[in-house]
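Based on these hints, arrange chain B on the given structure of chain A.
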Amino acid sequence: DQQVKQNSPSLSVQEGRISILNCDYTNSMFDYFLWYKKYPAEGPTFLISISSIKDKNEDGRFTVFLNKSAKHLSLHIVPSQPGDSAVYFCAASGTGSARQLTFGSGTQLTVLP
Amino acid sequence: NAGVTQTPKFQVLKTGQSMTLQCAQDMNHNSMYWYRQDPGMGLRLIYYSASEGTTDKGEVPNGYNVSRLNKREFSLRLESAAPSQTSVYFCASSEYDLGRNYGYTFGSGTRLTVV
Chain A
1 DQQVKQNSPS
11 LSVQEGRISI
21 LNCDYTNSMF
31 DYFLWYKKYP
41 AEGPTFLISI
51 SSIKDKNEDG
61 RFTVFLNKSA
71 KHLSLHIVPS
81 QPGDSAVYFC
91 AASGTGSARQ
101 LTFGSGTQLT
111 VLP
Chain B
1 NAGVTQTPKF
11 QVLKTGQSMT
21 LQCAQDMNHN
31 SMYWYRQDPG
41 MGLRLIYYSA
51 SEGTTDKGEV
61 PNGYNVSRLN
71 KREFSLRLES
81 AAPSQTSVYF
91 CASSEYDLGR
101 NYGYTFGSGT
111 RLTVV
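Chains as they are written, first to last, in my numbering: chain A, 1 to 113; chain B, 1 to 115.
If we strip away everything but chain B, and leave its shape as in the complex, we get:
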């Protein structure tokens, strides 16, 4: 079972460059999420998609855009990367837009460095 697949696993960007982080899930989940993990800060929600066709801002959305391409795929785009966006990014999915019972299933992460 693949679960949640994120690509790429590692990326180095120069300040001002753009890139898209890809995420796909094969569990037929309705809701998908993008988090970033920084030392001492835990995981912070960037954007989420409660269902196909909807997206909403989370706690730290500035500098990011998202696209829910279909039920399986949810991408995160950095239009003009900044050093403050150096982080580990996690995509997650859940059956419903609630953390009940089974919580979220996470991908293995993308480590992004902006120089």
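So that you can see chain A by itself, here it is in the shape it has in the complex:
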């Protein structure tokens, strides 16, 4: 049973437009959420995170929104650039038995020039 779900395996967006990547979680013990970006033949790299005490965190073109009541988070990229084309993983952690990062299955983002 996947505790972190990314239901869209792929997403295509035109350059300059907004990319919205979604993630749902089921474990109520999760209280910290991260997004990772992965290029082919490389390891995932940390992109942005958010604590459950916040509902929004922004870093340049990247904004993460958290809706705790819906157990849903999203990553917004504005404006999207061709270099953003990669696989994006949502990850979550909590305390106790949930303290290690649990990852979603990833979304392949393609930004078309």
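Among these hints, one or two may not hold up.
Unchecked claim - Just a few of them, taken from the derived set where beta-carbon distance is under 10 Å, the chain A residues facing chain B: (1) 2; (2) 34; (3) 42; (4) 91.
Unchecked claim - Straight line, CA to CA, 27 Å or less: simulated DSSO-like cross-link-like pairs of lysine-lysine: (5) B:57 with A:5; (6) B:14 with B:57; (7) A:37 with B:57; (8) B:9 with A:37; (9) A:37 with A:5; (10) B:9 with B:57.
Unchecked claim - Not close to chain B: a few residues of chain A, all C-beta gaps over 12 Å, as computed: (11) 14; (12) 20; (13) 74; (14) 78.
Because the hints were derived from the structure by calculation, they are not lab data.
All C-beta atoms, glycine included, are put in the ideal place defined by N, C-alpha and C.
Positioned in the frame of chain A, the structure of chain B alone reads:
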């Protein structure tokens, strides 16, 4: 900065063979992890080491063993490889046994094929 270094990058094994995947980090991190990535499954935790001298099972530990050789090195061993272990393996490290703030730093991966 080397970060997390994994060797080898590619490996082909025959069913039943054994091998050890090596991982080393130079960031003085306390915690280290082994994940596998499979299509449609994301990254799944195999084993982790919260600190030097400790190891614990993750979500998918069957068929694997680990050794935290020292603070820098964390190896993953396949005693008798099976085709189901064909995957890309990632080692990661973090300052503490929590994904807070800086998350994990990952190596570039080992692509393993078992035939």
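To see whether the hints hold, each was checked on the structure:
1. 2: Status holds, d = 8 Å.
2. 34: 5 Å, holds
3. 42: 6 Å, holds
4. 91: 7 Å, holds
5. B:57 with A:5: Roughly 22 Å between the alpha carbons, so the hint for residue 57 of chain B and residue 5 of chain A holds.
6. B:14 with B:57: Given pair residue 14 of chain B, residue 57 of chain B holds - Cα atoms ~25 Å apart, limit 27 Å.
7. A:37 with B:57: 26 Å, holds
8. B:9 with A:37: 20 Å, holds
9. A:37 with A:5: 16 Å, holds
10. B:9 with B:57: 24 Å, holds
11. 14: 26 Å, holds
12. 20: At about 19 Å from chain B, residue 20 of chain A clears the 12 Å cut-off, so the statement holds.
13. 74: Residue 74 of chain A is indeed farther than 12 Å from all Cβ atoms of chain B, at 17 Å.
14. 78: Holds, since 22 Å exceeds 12 Å.
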